[in-house]
Structure formats: C-alpha cells, structure tokens
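Peer 1: Read off the chains here:
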Amino acid sequence: MKSALLSILIIWLLSLGVSHAQTRTISGRIVSSSSGQPLAGATVRVTDTDMAVQTDALGNFVLQLPDDASNRLTIDYVGLRQQIFTIGADDTILIKLEDDDQSVGDVVVTALGVQRTRNSLGYSVQAIKGEELTMVRQPDLNTALAGKIAGVQVQSTSGAAFGTSTIRIRGINSLSGGNPIYVVDGVVVEPVAVNMDDVADLTVLKGPAATALYGQRGSEGAVVIKTLVGRNRDGIGVTFNQATTFESVYLLPRYQNEYAGGYTQEWSTFSYNPNVAPSYLAEFDGVKILNYAADESWGPRMDGTMYMPFYGWDPSHPQFGQLTALIPQPDNVRSFFNTGITANTNVAFDKAGDDYQTRFSFTNVSRTGIVPNSKLGRNWLSSNASVNLTDRLTISAIMNFQHEVYNNRPNDGYASQTTGSFNQWFQRQLDMNTLRDYRRPDGTFRSWNIISPINPNPLYWDNPFTEAYENTSFDTYQRVYGNIMANYQLTNAFSAALIGRGTFRNAEETGRIASNTLQLDRYVQNMNNQNEVNYVGTVVFKEQYGDFKIDAAAFGEYRRNQTRFTNAATAGGLAVPGLYTLEASVDRPTVDTRYFDQRVHSLYGYAAVGFRDYLYLEGNIRNDWSSTLPVENNSFLYGGLSTSFIFSQFIEPNDFFSFGKVRASFARVGTDTNPYEIYQTYNLRPAYGNDPQMTVPDVIPNPNLLPTLSTSYEIGTELRFFNSRLLFDFNYYTRSARNQILNLPISSTSGFTNSLINAGQIDNYGFEFTLGGTPIRNSNFKWDLNANLGINRNQIVRLDDQVNNLQIELDGAPSSFGFTGSPRITLNAYEGQAYGQLIGMGILKDQNGNRLVNEEGFYQRQDNMNLGSIIPDFTGGLTSTFAYKNFHAGFSLDFQKGGKYMSISSMFGHYSGMLEQTAGLNERGAPRRDPVSQGGGTLLPGVKQDGTPNDIYVDTQRLYRENMFSLWEEWVYDRSFIKMREINLGYDLPSRLFHNTPFRTVSFSLIATNPWLIYAQNRNVDPTILETSWFEGGQLPSTRSWGFSLKVGL
Amino acid sequence: MKKYVKIGFALALTLCLINISSCTKNFESINRSPNDAQNPNTRLLLTSALRSLGSQAEGVAGFVKDLYPQYMAEIQYTNESRFMNIIYDFYPIYSVPLQDLQTIINLNLNPETASQIYVTDGGDRESQINVARVLKAFYFMHLTDRWGMIPYSEALQGRANVTPKYDTQEEIYDALFIELREAQEQLREGGNVNGDILFNGDVNLWAKWANTLRMAAALHIRNVNPEKARAEFIAAHEAGGISSNSENAVFRYLSDANNQSPLFTNYVATNRVDYAVSEYLINQLILYQDPRLPIYALPAINTGDFVGMPYGLPTEETSAYNRENVSLIGHRFTAQNAELALSTFAQVEFMLAEAAFLGWIPDAQSHYLNGIRASLAQYDLQEAFTTYVAQPLVAYNAVNGLEQIIKQKWIANYMANGYESWTDWRRTGFPTLDPGPSPQNTNGSLPRRQAYTTEEAGRNTQNYRDAIARQGADALTTRIWWDIED
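The listed protein sequences derive, respectively, from chains B and S. Residue 302 in the UniProt record's numbering sits at position 302 of the first sequence, with consecutive numbering throughout. Residue 369 in the UniProt record's numbering sits at position 369 of the second sequence, with consecutive numbering throughout.
It should be emphasised that the hints constitute simulated quantities derived from the structure, not laboratory data. Heads up, the beta-carbon is just placed ideally off N, CA and C, and yes, glycines get one too. Hints may contain errors.
[As the list claims (entries may be wrong)] EDC-like mimics (lysine to aspartate or glutamate), calculated; alpha carbons at most 20 Å apart, straight line:
#1 K228/S - E171/S
#2 K288/B - E171/S
#3 K228/S - E170/S
#4 K845/B - E677/B
#5 K375/B - D285/B
#6 K351/B - D201/B
#7 K944/B - D800/B
#8 K165/S - D800/B
#9 K288/B - E317/S
#10 K25/S - E677/B
#11 K885/B - E131/B
#12 K375/B - E509/B
#13 K288/B - E170/S
#14 K96/B - D56/B
#15 K25/S - E632/B
#16 K25/S - D201/B
#17 K288/B - D331/B
#18 K165/S - E258/B
#19 K129/B - D56/B
#20 K549/B - E509/B
[Stated by the list, open to error] Computed footprint of chain S on chain B; a stretch qualifies when at least three of its residues, placed anywhere within it, have a C-beta under 8 Å from a C-beta of chain S:
#21 371-385
#22 444-455
#23 581-589
#24 675-681
#25 686-692
#26 935-949
#27 960-972
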C-alpha cells in the first residue's frame, strides 16, 4: 500500500516538470443550472493535470490551454456535480453545473418505481441517495434512515441482538401498529433483505396520496428503492467497498458496589452436618458464606471480609476450599461482553453499452457480537441486467439472493439468562473471571447461583457463559427476490410491459437447551417458508400536446402469498443427553404445522397532466379483490387526486426568493385482513394420553367483515430562498380510518379473548417540517444542515357498539404487562381520547399534586391511574455535512420529545438491590440500608395524610421489594431523547494522484455509529432500543461502534 | 416479427385482465383454513374442558390453593403466601373450559347441529348437555367463591354480549342449585357420554358428583341463608353424593410433559423447589401422630426430621431455610402423574358430619369417623384408623365438634382442591390459621376473596365498576356475599 502511494506520488511529481510549448486561450463562464446564477470560485482544471484556475465574482475564467493538452475540462464547485466538459472549436464557452443536492434533485422515484420530477408531485416525499446510506455503515436500512426523514420514528434494538430497527411513518395510523412496505425494484421485501450497497435511490412515501397505487399494503407508507444499474463510463467498471467496525458496550445501568449477594447484611456461616455433607467439607465448619441461592444483592458489605465463594465448594475447581476477600467488582458486567467486529465488504462490476446494461454485486457481512459466541454472517449476490432486443423491445431481469446465518442470536427480554440476570437478578460481588470456566471436568456446569454449599445445582440461573456457549441457537435464512420484465414500445406514445415478480424466503430456526443445565433439555426446530408471486401487465401512455404533458398507465395485477411453517419442539427432555434432534424427544414432540394462502387481484391506473412547468394534476384509482374478505365484500375501490403549483414561476427572479410550490392531495386507500379470519374453526390441543382435545378458538371471527378505508387530505409547500441556499418544506395532513379491521381484545367473560371487528373511526393529523440549507458555500468549503420535525396526533372517534376501550397490541408488544397476582399496566385507547394511554398502579396525590405517604412512610398506592401516553409530542432529526477540498464530514442525530415507556429492568434492578439508588447514604447521612432505628432507611419525597412533609424513614429493602413492586408510576419514564446516530470523517484522494493507474476514485473514512446518547431521563436503559414499542423487560445493553471504510473505483 | 410481438403482448394483457377481474370465484374456498377443523367435535371439546381442571390458569390447580390453607409454604420468594398477589386472572377459565362447555350445550340444543355426527359422537344428547351443565356449575362455583360477583347470566354469549354484567353471588348460587338439581335428575336415568376423562363415561357418577357439589354449595351459604342451605343440603344428600373412594372426582395428570402435574414441573422439570410443607401442618400432624405425615411430607434432608417451613416469612428472614433443612412435599403429590382430587368420599362424610353438627341430620360422630376412615383409605392406611381415632385429640367431642370436623376435613383435603379448604376457613374460621409475620394487603388476616383480572377495568368498565360499587373494594379484604361476619 505504502509503495503504491509512493509511486503515485513520483508519477505526479514527474508530470509537474513537463514544459508547455504553445497555448490556446479559452474564456468562459460557469453558472448554476438551477438558478442561472454565476458561480464564483469554481475550479476549472484541465482534466488529469494540475493546471487550474478559479472563476471570478461573475463566474468568469480565462485559461491558457497548451496545444498538446487534453481538450477536456473538469469543473468542480463544492456542492454541485462535477462536470467534465469537452472543448470544441469555440473558444468562448458557457458551462452549467447541475445541483448535487438531493433535496433539490430533479427526479424522484415514486410509487411503482415511476420517476417523476419533484416539482410535479402533489404530495410530500423524501428521497435519499444510496451513498448516504453506505457512508457510515449502519447495520440495517432502517437505522440508516434515523434522523434523515421528517415524520419517521425509528425504533431500534440493541446491536448485541443483531436486531434490525423498525420505522413508523407519521405516527400510529393503524391501531395495531403497522410498518411501511419496502419495495425494491417493484418487489416487496423485508427490510433486512435490502443490500444498501446496491441502492441507487431511496424514496420514503408517507401518506395514502403517495402510496395508494401500492394498494392496501402501502397504507402505512412505503420505502421505495431503485437499485444501481450498469453505467457507461470510464474505467473497467469495478467498485470495491470495505468497512470494518468495532462494537462495544455503551450504556449499562448504574450499579451499586457496596453490598454483595443475599437478603441480609448479616453474615451466615457454614455448619458442617456429617449426615449430608461429604467429610472433606468438615474443615470448613464455621467459614463465612454468602447466600448463594439468592439472586439479589441485599447481602453483606463488600468490606474485604474473607469468605467462601461459590466455587470454593466445588472439589473440581482449582480454588476449591480457598477463602477469598469480599471486594467490589464494579466492572463485572461490562467484562462479560466482548468487542464485536463487523466486516462489510462489497465488490460490484458494471458495464453498459448502447443496447444493454449489466451490474453484478457481491456483499459479505461478517459480524461477531458483544455477547460471547454470537455471530452473524450475511451474503448477498445480485445481478441487474437489461438488453434492448430490438429498438422497441427491452428485456430486463433483476435477481437478488441473500443467505443469512445467525449463531446464538442473544435474546432481549425478562429473565433472559444474560442481561436479564445482570440487571435484575444477580449478585454484585461476582467476578466474571470466576465464571468463565463454566464447565466441570465431568460435563456438568458451574453456576454462581448454587442451591447450597452441598448442592451444586443452580437454583434460578445458569452461569451466563453456560447460556452463551451451551444453550445455543442456529438460524439460517435464504431470501431470493427479483423480477423479469418485457417492455415493448408500441408507438411513440404507447408502451406495454409484462412483469413477473417473486420473493421467496426460507427460514430454519433451531434452538437448544443443553442437557444438565437449569432447565430440562430441549430442542426446537422451526421451518418457515414464505413466498409471494406477482404478475403484472401494464400499458403506459406518454405524450405532449402543446403545453400539456400527459403521463398515464393502466395495470392489472395478480398476487399470491403463501406461508408454510412447521414448528416442532421436544417434550419431556431428551432421551440421550446432548442429542439435539426431534427424535430424541422423551414424550411426544409438540408440533404446529400451518399453511396460509392469500390472493389479491387488482386493476389500477394513474393519469398525470402537467401544464407547462408549473401546474400539475394527477389522479389514480385502484380496485382490489382480496380472498381474505367475505365474498360479498371482497371487492373495493379507492384512489386519489393530487395537484402541485409552482407559483414562483410568476415572480420575477430575485436574490431572496428562489422557488415556491404549493401542493394538495386527497387519497383513499383500502385494506383487507389476514387469511382465514372470517369463518369459525376449531383448534386441536395436545392430546391427553390417547384422548384428542379440541377447543373453541379465542377470537370471534367476523363473516361480515368490510375492508378498511382510510381517507387522507394533505397540503404542503416547498420554499427556497437566497439562491436555494435556504430550503423550507411544510406539510399538514389528516387521515381518517373507517371500518379499521381490528382484533379487538374483549372481556373473556364473553367466552372469547378477542373479536375481529370493523372499528368505527380513528383520526390522525400531523405536521411535518423540514428546514435545510447551506450556511456556508465557497470554492473550498461547503456546510449543509438539514433539520426535520414531525408531529402526529390521533383520536379514537368511534370504536365498537359495545366496547369503548381498545387495549392494543402495538407492533407485536402485549397490551399489558405485569407479574402473577400483581396489578398489570395496560396500554389503552378510549373512545374520544388519544391512543396509547398507560393505565396502572399509581401513587395517590393530595389536591396540590404531592405524593401521599401512609402512616408507615410508604407511598399510598392507587390502581387504574392514567400514567401518561406513549405517543411522543414530536420526533425529529438533524443531519449535517461538511466538505472542505477533498475532506468531507457529517453527522446525524435524532430526537424525540415526550412519550412514555415502562422499564422492568429498572423496577427489578431496585427490587433486587443492584442499582445505585438502593445503596449509599440516605437523606440524613447514614447508610440507606441500615435499619431505620439506627438512622438508616429512605425518606420518600411527599406529604403525610395531614399535609405535612413526610418525615418517616422506611426500610429501603421493604421499599423496593414491597411498596415499589408493580407501582408502575415509579417505573414509567419519559422517553425523550437526543441521540447521535452517526459521525463520519472522510478524505477523497485527488484523482490526479492516480490518473495513470486503473484507479478512478479512492476514498477513506472514519466512521462511528451510535456514539453518544446525548440526553435521556433514565440512563439505566437506552430508550431508543426498547425491547417492545412501549416497555422493556430486560434489554441488552446499547452498543456503539467505530471503524473505517475504504471505497475504491476501478 | 413486430406484429407477432404486438399480438403476443395484447393477448397476454387481455388474459391478465380477464383473469384478474373474473377469477375470484374460488376465493371463498381459498380462504377456508386447512389448518384447523371446520367442524367442532363435542367429544373432544369435553376432554378439553376436563383437561383444563388440572391447569393452573384455566382450572383449579394454581399453587395458591395450597398456600392459602397453609398446606405448603414458600421457601425463598414468599410473595404469594404474604398476599402480595392480589389479582388472580379469571379470563382463561371463561375463554377455555367454560366456552367449550357452552359450545357443547349449544350444539346439542340446536336442532340443526344436534343430529350431526360430530355432535352425536359425544354421546347422547341429554347426557352431553347435563354433564356439561354439571362441569359448568363446578367452574362457576369455583369462580364465585374466589371473586364474589362475576358475570354469569350474560357470560359466554360471544359477540352477542362482549360486556356481560356481574351477577350477585346470591343470584349465581340460586341458579347453580337449579342447574345441579336438574342435571343430576336426568343423569341418574342413565346415558352415555364420550371423551370423559374424569368418570370414564359413567353418567351415574356425574350425578353423584353433582349432588356432592350441591351439598358443598349448601354449606357455603349456610351462614347467610340457613333455611335454603338446609333444604338444598338434605335434598342433595337424599339424591346421593359420592359414596365410596372409587367414586371420587379425581383429575389425573399423566406421565408426559404436556399433561404433567404443576408440582412436578416445579420440583423436577425446572428444579426450582419453591415450596415446602408448612410448619403449621407438620406440627398438627405430629401433634396428632397422624399416619399420613410420612406420605404428605418428606423428612428434611439435613436432619431426617419432619420440619415444616414457617408460613409467609419476609424474604430477608428466609435466609435460614432451604430445600435441605425443611420437609418437602411427599412424592405422591409431586409425581409427574399425580392426582388432583376435586371431590372425595371423605369430604362428603365431613360435610355430613357438619350437617349433623348443625342438627340437619343425625349422627355427627359416625360421619366424622367415616370421613377419617375414608381419607386414611385413600392412602392405604386403614389399619391405622383405630389407633388414630382413639387419641383424645382426634376422638370426636361434640363441644368443639365443628372445629374437629373442619380440621380433619382440612387434613384430608391436603393437596386436593384447596380452594374448598380456604372456603371452609372463611365460613367457619377453622382451622385457626396464622397469616405469618408480615401479611400484606389483608389487614393482618388471610384473604377473603381475590381481585378481578386487571383488564376488566378497561374492557368491561361499567360492569366492573357496578360490581365494585355493590360488592365493595376490589381487594383481598372484601367479604363476598356468603362470607358474613359473625
């Protein structure tokens, strides 16, 4: 590498010495193609030489061109697209530079992949270039969108779980949550199937006006992606990208480091009982012991006292029988985790000629997680080719293959055996190094949570390393998707196309609970096969009549979705320990096999009319026939109208106001349901011996179900000022869903848990703002800033004729959470109110809002209190990029204001005495954990029943284990946050350094992802990676990564 | 060439359009689930409703049944025995067994379905209906005894009423007496029912169980409505309850993971061993030199002695106890295929003894002794009977007869349907149970009812509020209708 650079340098130095014989004088002017304004300070360079001049204030330049020099000029202006201009006979030239800024970009991809000029759209869209997605190498597409699109809320999961994020567009429209569809070259795919290295353009379509042509599946928005195609250009057509990042634990809860495991500060001692204990333990009679069976940390002070650790009782352990000092281990949890390494490598080949284009791409992602023994491998192969068979007939095919393998993807969630333990049920004094050697020579496992000195079996918890290395899982996914299309140009105006599309997914997920661990050994094997096939026929019409430009199309589509799965698990243990097969099941294995089939037939079309360059009108209409609805209701018609007007056309060009557009739209979209939901059926249960069992399903089917119809209105404006250096975009929308299909949870005293209904009416409205600009721009430096903000409000207008509250299961999260026997916290949507109210046990307040304590000094509890809404006040993001000569840098952050979430980790972290707040000194300077009678205890802020300030100290352990347990108000937090998602700093090597080499471009970047959670109310958890949409039950730690990226073009 | 391409395109497009707009005829059959049965089967539904009996969530097998009457005590995590669990979920009982039973009744009552093979497969029409009525009555009595007012008259109607009102316990008991009387009258005539994993299709035993349940129901209400209680009890007794151990209503767990006993799951499958025999029970059995002690409990591993676990200790005080130094529950009750006795001959005899103590029928003493004999016989301890009952503490003494009867009934009911023992405590105060050093949420007592499912407040809001307004706070301390203060 070093020598290559050196030789490049030598070549460059030699080229300086070349003398010039004769010259030709070229004079010219550089202007912006969008505004027509002259560009001062642009660099005009003779291509592949160092000969360059800069334009003056009026954009003029004069250049002495040697006769033997190239006749090509390279013009650079920061922020505008580099242009190579070939000089003809004329010595005076005018060069227009195209804008490179995506927000002003001319053409965007809209529904069905139709490319439209941005000006013509009557609804709001946001577009992103592929390079912006791969700049910082986020692990998945949705995370890469964080902060970049107004009105999009990104919900991430911990990097430790290799999770992918989900996004929600314009708040919650559908009461069961609902995510947008991802459409790659017309094929609907899972977001994880998208290879960011292949993305050319990405557009987020937000409302029904933009997505109606996708029909029902686009009702929650659409992310439309066009992949890269082969290009005709210099070089041999190879690009190579490599990025390596290092991931480590970022946030952990603030633990206490004063007290060890146990339930009491008093020490216990071992008393040798010859009846039950082996004689070799006799000598340890009287040694100090901890309560190993406890999975909490209310134990003795970590003051250096010598005691027998859990492994001291294990004759197979090297430190058998050795006392050790009880000292704090503040970094024990952190030291469990590794540094994860992700290597992302892409190589692509592309080539195009007059009548063909091809592109092939291969991407490999190899990733190790922060949890030991967790790994992820992902390979993509894709090809994109088209060929013009005749001058009228074009055939194209796009094919993507993805193979994904997960080894031991860690679980989020309550009582997961790693972080579910560390943050909720653990002993603070444990040194991770004493756990690493988790296996005894005889094949059994060591746990810290032994039942007693003479019983080495774990009580509640395996060793976390046993969990990581023995209770393993192995998941593989294969996804194939693509399309093949024949397009025929019938006349100049008419063309017709036939398209076949498919997406196929095969999944195998297997899991083991190892023999001889805490739980009965078990093997689970789930096989899942999903596919979707579409056939589309279309006729497109494009024509210009005078000032009118017409663009119309009609489509017929056939769609079939099939899912097959077989989920099986052993029951009653494994016949042969360590044999992980279904055949090894001791009892009859449990098996669930299912098949689903859904068909949708559709006819749809659009017609767009443009008048000159400033007035546009577009209408679309679609009819779907869905097999999932009752026959008499299965055909539904919807569509929309939108218009756009560029009023700045009627304003004299000036330096202040550059561009103005208003837009308005109306749209309606219809939605069906899942297969097999309208007829009554009956479920089998596992047999009782030889007696089969059947039960009535819990959901009341609905044979009269109607399609959902959502109606949306949207108005907005786009304004640009100061030669387009300041951009403002505003959008207001309303949306009203009628007959929303909901699986309404009902009182089970009716005999059923849910009823499939058409809910009355649910309304949403919201605002989206984008403010962007280029505060600084000169020949060397450009600074761009883009901020966006989204606000969404909703109301349940009417729900059901009998039920007036919807306890919602949002994005797969349960509608309530709680522990057996304790009051649960529920997620509610009452008629007449907004969606997302948390209701649960709260603290009684006096009329001034002070918390009331009882005569013992504990909070007075009151059930069924409203604890706030999970809906944010607003969400938004900020991105910025800097360019200085060949350096470029950028960051993006996103934020949320308001919205609540509930944290189980926080509740149990206190319950079990693991978190900082349960230890230390109290309000009167004594150890909080000492008895109240000795000055200890905790004083709760609040007032007594008589209104005087509380002065009664309560026992700290009782406080968190009794009073605060399931006192949900205490564990509901504000979810506001500001998070830096990515930072990058890059350098593009000047092309003249290697103009005699095959290299076309070389750039190098330093990148960081999720480097900084700038603000969060409760830093014991990361609110951006909650396990579910409204609570976390034991999240894996948030992670951050840094690394470097290299891009080479040949 | 061009022409053919054009024609081809046109043809293909036309075919597309025809296919799309017309070929939706098979949509109805496409949308019929191949995964589940299209028709019900009443035989299989009955098996399911009976299987639920042994479930913790859907039936009567929750550990709390053995904690409230202090048969067992929690060793390390003592929340439930300290009454920190307030809310118990009645939803699954409605949506699983009760809904299945209601479906059996509806299919047999509907003339269109009653003659279908998937209904006649379950047995004759009358027997199916009346067996379902008895089991339904059992579940509903279980429900009202735990929660008090519950949806009954408007429950189980599906979409027709998804917000059923709460009936008073008095109304429910009135209805249950009628249900049990009518059902047994018909079942005594004979008949056959299939899928019966409780009595193996013997409808006569169903009639006897119905009478047994009616006798129990009568005693439940004897403090609040003595006349009705007496009349119902005598009528049920004359109709004939369970009259030998072979007629006991016993749910049997099986030796397979899908049908195993919950205590096996706790003791063996997950190796948690959260429960030991309570100190109070062990001490009573030792005091009575009870021959059932070594069957009910295991000696502590450390000492070889029978040592009970103190009931309801705060967790910080549990450090002194572990599975090695207290008596664990006897193998018979922690076996994978353990039995769960719902109603037994011994219970019937103790109920008769109580009725005799009240003067409703003669001879309290012999019924008391019969009850003890029947209980000992369940464990093959008949030989110990004479010695056992000869002890002054055991021999019947009319002065404290009620306490003796209920206490022996309590011992006999070990690890069986403990809710009935809790009910006996609530209505008689016996045995005298100490709630432990730090009971929560009960004002220093044992719970007198359990609180409703959290979701009721949000899904059946008005009826839930009405019930609380009528019955009292949704708390463990609120007394239900038949639980009047002396």
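Peer 1: Against this structure, judge whether each hint is valid.
Peer 2: Evaluation of the provided hints:
1. Proposed proximity of K228/S and E171/S is supported: the alpha carbons are some 13 Å apart, at most 20 Å.
2. For the proposed pair K288/B and E171/S, the alpha carbon gap of about 62 Å is over 20 Å, so the pair is violated.
3. With a C-alpha separation of about 11 Å, the suggested pairing of K228/S with E170/S holds against the 20 Å cut-off.
4. Distance restraint check for K845/B and E677/B: the Cα-Cα separation of roughly 46 Å exceeds the 20 Å cut-off, and the hinted pair is therefore not satisfied.
5. For the given pair, K375/B sits about 46 Å from D285/B by alpha-carbon distance, which is inconsistent with the 20 Å threshold.
6. As the CA atoms of K351/B and D201/B are separated by approximately 19 Å, the hinted pair is consistent with the 20 Å bound.
7. For the hint pairing K944/B with D800/B, the CA-to-CA distance comes to about 43 Å; that exceeds 20 Å, so the pair is violated.
8. Restraint check: the Cα-Cα separation between K165/S and D800/B comes to about 17 Å, which is no more than 20 Å; the hinted pair holds.
9. For the hint pairing K288/B with E317/S, the CA-to-CA distance comes to about 18 Å; that is within 20 Å, so the pair holds.
10. Among the hinted pairs, K25/S with E677/B is consistent with the structure: their alpha-carbon atoms are about 18 Å apart, no more than 20 Å.
11. Distance check on the hinted pair: K885/B and E131/B sit about 19 Å apart at the alpha-carbon level, within 20 Å; holds.
12. Of the supplied pair hints, the one linking K375/B and E509/B holds, its CA atoms being roughly 15 Å apart against a limit of 20 Å.
13. For the suggested pair K288/B and E170/S, the alpha carbons sit about 59 Å apart, so the restraint of at most 20 Å is broken.
14. Taken as a hint, the K96/B and D56/B pair is honoured in the structure, with Cα atoms around 15 Å apart against an allowance of 20 Å.
15. Restraint check for K25/S and E632/B: the C-alpha separation of about 11 Å stays at or below 20 Å, so the hint holds.
16. Taking the CA atoms of K25/S and D201/B, the gap is near 40 Å; set against the 20 Å cutoff, the hint is violated.
17. For the hint pairing K288/B with D331/B, the CA-to-CA distance comes to about 24 Å; that exceeds 20 Å, so the pair is violated.
18. Only pairs whose Cα atoms come within 20 Å are accepted, and K165/S paired with E258/B is rejected, the gap being roughly 54 Å.
19. Distance check on the hinted pair: K129/B and D56/B sit about 32 Å apart at the alpha-carbon level, beyond 20 Å; violated.
20. Simply put, K549/B and E509/B have alpha-carbon atoms about 53 Å apart, too far for the 20 Å limit, and the pair is violated.
21. Look at the region 371-385 of chain B against chain S: 0 of its residues bring a Cβ nearer than 8 Å to a Cβ of that chain, fewer than three, so the hint is violated.
22. With 4 residues bearing a CB less than 8 Å from a CB of chain S, the region 444-455 of chain B meets the requirement of three and the coverage assertion stands.
23. Using a Cβ-Cβ cut-off of 8 Å, 3 residues of the region 581-589 of chain B lie near chain S, which meets the minimum of three, so the contact claim holds.
24. Counting residues of the region 675-681 of chain B whose CB lies closer than 8 Å to any CB of chain S gives 5, so the stated coverage by that chain holds, three being the minimum.
25. Closer than 8 Å: that is the beta-carbon criterion, and the region 686-692 of chain B has 6 residues meeting it against chain S, so the requirement of 3 holds.
26. For the region 935-949 of chain B, the stated coverage by chain S is violated: 0 residues have a C-beta nearer than 8 Å to a C-beta of that chain, whereas at least 3 were required.
27. With 3 residues having a Cβ less than 8 Å from any Cβ of chain S, the region 960-972 of chain B passes the three-residue criterion, so the hint holds.
Of the numbered hints listed earlier, those contradicted by the structure are 2, 4, 5, 7, 13, 16, 17, 18, 19, 20, 21 and 26.
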